[in-house]
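A.B. asks: Converting from the first sequence to our numbering requires adding 15 to each position, the first position being numbered 1.
Check each hint, because a few of them may be wrong.
[Unchecked claim] The calculated DMTMM-like cross-link candidates involving lysine to aspartate or glutamate, where the alpha carbons are at most 25 angstroms apart (straight line), are:
id	residue 1	residue 2
1	Lys523	Asp129
2	Lys339	Glu166
3	Lys91	Glu293
4	Lys213	Glu166
5	Lys119	Asp129
6	Lys515	Glu503
7	Lys339	Glu310
8	Lys346	Asp409
9	Lys377	Asp409
10	Lys492	Asp516
11	Lys523	Asp425
12	Lys346	Glu293
13	Lys329	Asp307
14	Lys492	Asp513
Everything labelled a hint here was simulated from the structure, so no lab data went into it.
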Amino acid sequence: MIRPISLFNTLTRKVEPVVPLAPGLIKIYTCGPTVYNFAHIGNLRTFLFQDLMKRAFQAAGYQVRHCMNITDVEDKIIRDSQADLAPDATNEARHGAMQALTNKYTAFFLDDLDAMRIQKPDEMPRATDHIGQMKALIQQLIEKGLAYASEGSVYYRLAGFPHYGCLAHLDREGMQSGASVDVDEYEKDQAQDFVLWKAAKAGEPIWNSPWGPGRPGWHIECSAMGMEHLGDRIDIHTGGVDLIFPHHENEIAQSEGALGHQWVNAWVHGEFLMVEGEKMSKSLGNFYTLRDLLEKGYDPITFRYAIQSNHYRKLLNFSFEGLKAAENSLKRIRAFRRRMEGDGAAQAGGGDTWQEAIEPSKRLEEARAAFWLAMADDLNTPEALAAIFTLISDLNAQDDRIALTREERDAVLGFLDETDSIFSAWPHQSPEDGHAVAPGQILTAVLGGVVVHTGDVLSKDRIEAEVRARSAAKAEKNWAEADRIRDELKALGIVLEDHKDGTVGWHKA
RNA sequence: GGCGCCGUAGCCAAGUGGUAAGGCCGCGGACUGCAAAUCCGCUAUCAUCGGUUCGAUUCCGAUCGGCGCCUCCA
Numbered sequence: 016m017i018r019p020i021s022l023f024n025t026l027t028r029k030v031e032p033v034v035p036l037a038p039g040l041i042k043i044y045t046c047g048p049t050v051y052n053f054a055h056i057g058n059l060r061t062f063l064f065q066d067l068m069k070r071a072f073q074a075a076g077y078q079v080r081h082c083m084n085i086t087d088v089e090d091k092i093i094r095d096s097q098a099d100l101a102p103d104a105t106n107e108a109r110h111g112a113m114q115a116l117t118n119k120y121t122a123f124f125l126d127d128l129d130a131m132r133i134q135k136p137d138e139m140p141r142a143t144d145h146i147g148q149m150k151a152l153i154q155q156l157i158e159k160g161l162a163y164a165s166e167g168s169v170y171y172r173l174a175g176f177p178h179y180g181c182l183a184h185l186d187r188e189g190m191q192s193g194a195s196v197d198v199d200e201y202e203k204d205q206a207q208d209f210v211l212w213k214a215a216k217a218g219e220p221i222w223n224s225p226w227g228p229g230r231p232g233w234h235i236e237c238s239a240m241g242m243e244h245l246g247d248r249i250d251i252h253t254g255g256v257d258l259i260f261p262h263h264e265n266e267i268a269q270s271e272g273a274l275g276h277q278w279v280n281a282w283v284h285g286e287f288l289m290v291e292g293e294k295m296s297k298s299l300g301n302f303y304t305l306r307d308l309l310e311k312g313y314d315p316i317t318f319r320y321a322i323q324s325n326h327y328r329k330l331l332n333f334s335f336e337g338l339k340a341a342e343n344s345l346k347r348i349r350a351f352r353r354r355m356e357g358d359g360a361a362q363a364g365g366g367d368t369w370q371e372a373i374e375p376s377k378r379l380e381e382a383r384a385a386f387w388l389a390m391a392d393d394l395n396t397p398e399a400l401a402a403i404f405t406l407i408s409d410l411n412a413q414d415d416r417i418a419l420t421r422e423e424r425d426a427v428l429g430f431l432d433e434t435d436s437i438f439s440a441w442p443h444q445s446p447e448d449g450h451a452v453a454p455g456q457i458l459t460a461v462l463g464g465v466v467v468h469t470g471d472v473l474s475k476d477r478i479e480a481e482v483r484a485r486s487a488a489k490a491e492k493n494w495a496e497a498d499r500i501r502d503e504l505k506a507l508g509i510v511l512e513d514h515k516d517g518t519v520g521w522h523k524a
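Turn these sequences into a full structure, and let the hints steer you where they fit.
C.D. replies: Structural data, given as C-alpha cells:
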C-alpha cells in the first residue's frame with residue numbers, strides 16, 4: 016500500500032500531491048553541507064526536516080533514492096584551509112590542505128547525522144570528485160549560447176534564459192532596484208550573470224580547464240552532481256529557504272538550460288531556525304552546534320524531536336525551555352511504549368472513575384488515520400503528534416480500568432513502530448542496549464571518542480541486584496535505605512518505578 | 001523600492017465560516033510508605049480596528065508589532 020503525500024512546492028507556491036516520476040520511487044536531491052566547520056543547529060534543522068520527509072515517504076510505502084552532496088570546494092573552505100600555506104605552495108599542497116580540512120569536517124558531519132539518527136543518503140558525492148562533470152556541463156551551456164568565457168572565467172548568460180526568477184518569483188525589475196549587485200565585475204555582459212567557472216587566483220587550489228586554470232563556481236556543483244546521480248528528471252529537490260535565491264534559481268538555469276526541459280518537479284524548502292529571536296548564522300557567531308547541546312546534557316534525539324515537532328515551514332525560535340519541553344514530551348511517549356510492552360497488570364493507576372469504555376482497536380485505527388492525514392498534508396507533524404498523544408491518553412485511561420489484551424498491545428506497538436520509523440525517537444529499548452549505561456557513557460559514544468562527560472558503566476545484573484536490595488529494605492520498612500538506593504540509581508541515570516503488583520520496573524532516564 | 005511570511009492560553013503549537021487539537025509548565029484530587037508512572041478535574045475567545053456574512057479566530061481591508069528574501073548563508 017502506498018499512501019499519497021502532498022508537499023508545498025516552492026515553484027507553484029501550493030501544497031500539491033507528489034506524483035513520482037517512476038511509480039513507487041521518489042528521487043530526492045538535497046543540498047548538503049559545506050564542510051569547513053561544525054554544522055550548527057540551524058543547519059541541522061534542515062537536515063532533520065529532510066530526514067523526516069524521506070522517512071515519511073518510506074513509511075508511506077515508497078522507495079526513496081536520496082542524494083546529498085558534500086561541498087568540499089568553496090570560498091570559505093579555501094580561506095580556512097590555505098591560510099597557513101606559503102605563498103609559493105604547490106597546487107598539490109593546496110589541494111592536500113583543502114582535503115585535510117574537508118575530510119575532518121565531513122567526518123564530524125557524519126557523526127552528527129548518526130547521533131540524530133538521520134539516515135545516511137544513498138549517495139553523498141563530493142564536489143571535487145565531479146570536476147569533470149561540471150566542466151562538461153559548462154561546455155554544454157557554452158555550446159547552447161547560455162554561457163560565455165571571459166578572462167579565464169565562465170559566466171551564465173541570464174539574458175538567454177527567460178525563465179530565470181520562476182522559483183523565487185522575482186522579476187528583473189524587482190531584482191534590479193535596490194539589490195546590491197556587484198557592478199564592479201566589468202568582465203560580465205550583465206551584472207547579474209553568475210559565475211560557472213572561476214579563473215585561478217593566487218593562493219587557491221586549481222584545476223585545469225578549457226578556459227584556463229581555475230575552480231568551479233558554487234552553483235554548478237549541485238547541478239552537475241544532481242544530474243550525474245539522479246538523472247535528467249528528479250522528483251524533489253530540497254534545501255533551506257535561503258537557497259531559493261540565488262542557488263536554486265541558478266541550478267534551474269544551469270540544468271534546465273542544458274537539458275532543455277524541466278529538471279525538478281517539486282522544490283521543497285525548510286524554514287530557518289532562530290535563536291533568541293535572531294537569525295542564526297555563522298557570520299553573526301550566535302550559533303550552537305550539536306556538541307554544545309550535548310555539553311548541556313541534552314540527547315541529540317531530544318533535539319531531533321524538538322525540531323520535528325514543529326512544522327518545517329514555520330520559523331522556529333530555538334530555546335532551552337523548548338528542548339526541556341521536548342524531553343518531557345518524549346518521556347510520556349516512551350513511558351507509554353514501556354506500558355504497552357508490559358502485560359498491563361503491573362502499571363494500572365489508581366483512578367477508578369469510570370468513563371465510557373472505548374474500543375482500543377477502533378481508537379488505534381482512528382489515531383492511525385489522523386496521523387497519516389496530517390503527515391500527508393505537507394508533513395503536518397504537530398497535528399500528527401497530537402494524534403499520537405490523544406491515543407496515549409485514551410489508552411492509558413482504558414488500560415487503567417480494563418487492561419488491553421496482548422493482541423491490542425501488540426497492535427499499538429506496531430503503530431508506535433510505524434510512527435517511530437519516521438520520528439525515530441521512541442524505539443523499543445532493551446536493557447542490554449540502552450539502559451545499563453550511565454548517561455556519560457552514552458554521550459561519550461555519541462561524540463565518537465570526544466569525551467564530554469564520564470560515567471560509570473552499570474551492568475544489568477548490578478542494577479537488578481540493587482533493585483532487589485531495595486525491595487528487601489522496603490519489606491523491612493527501611494524507607495531510608497530504600498530511598499537511598501533509588502536515589503543512587505537515579506544519579507546514575509536509572510529510574511525506578513514501583514508497580515501496583517509489587518514488581519519494580521526500571522529504565523534509563 | 002520589489003516579493004513574501006508571521007502574530008492563537010505562562011511557554012511551544014495545530015486548526016476550522018458556525019462559538020478553539022495536542023505537548024510542556026502550574027494548580028486541585030485519586031493512587032503511592034514517599035516517589036515515578038498513570039488517572040480525574042482546572043487554566044484562551046484566537047494582535048487591534050473596520051468590512052463581507054444569519055454567523056469570522058478562520059474571508060477582505062487598514063493599523064500596530066515581529067521576521068525573511070532581493071548579496072555568501074540550512
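A.B. asks: Next, verify each hint and record whether it holds.
C.D. replies: Here's how the hints hold up against the structure:
For the proposed pair Lys523 and Asp129, the alpha carbon gap of about 20 angstroms is at most 25 angstroms, so the pair holds. Between Lys339 and Glu166, the direct Cα distance comes to roughly 56 angstroms. Violation of the 25 angstroms bound is thereby established for this hinted pair. Between Lys91 and Glu293 the alpha-carbon distance is near 23 angstroms, which keeps this suggested pair within the 25 angstroms criterion. Between the alpha carbons of Lys213 and Glu166 the distance comes to roughly 10 angstroms, so the proposed pair stays at or under 25 angstroms and holds.
Distance hint between Lys119 and Asp129 is fulfilled; the C-alpha atoms sit about 16 angstroms from each other, no more than 25 angstroms. Taking the CA atoms of Lys515 and Glu503, the gap is about 23 angstroms. The hint holds against a cut of 25 angstroms. Restraint check for Lys339 and Glu310: satisfied, since their Cα atoms lie roughly 14 angstroms apart, inside the 25 angstroms limit. For the hint linking Lys346 to Asp409, the alpha-carbon distance of about 17 angstroms falls within 25 angstroms, and the restraint holds.
For the hint linking Lys377 to Asp409, the alpha-carbon distance of about 11 angstroms falls within 25 angstroms, and the restraint holds. Note on Lys492 and Asp516: the hinted pairing holds, with a Cα-Cα distance of about 17 angstroms set against a maximum of 25 angstroms. For the proposed pair Lys523 and Asp425, the alpha carbon gap of about 22 angstroms is at most 25 angstroms, so the pair holds. Simply put, Lys346 and Glu293 have alpha-carbon atoms about 30 angstroms apart, too far for the 25 angstroms limit, and the pair is violated.
Taking the CA atoms of Lys329 and Asp307, the gap is about 24 angstroms. The hint holds against a cut of 25 angstroms. Using a Cα cut-off of 25 angstroms, the hinted pair Lys492 and Asp513 holds, with the two alpha carbons roughly 15 angstroms apart.
The structure shown violates the earlier hints numbered 2 and 12.
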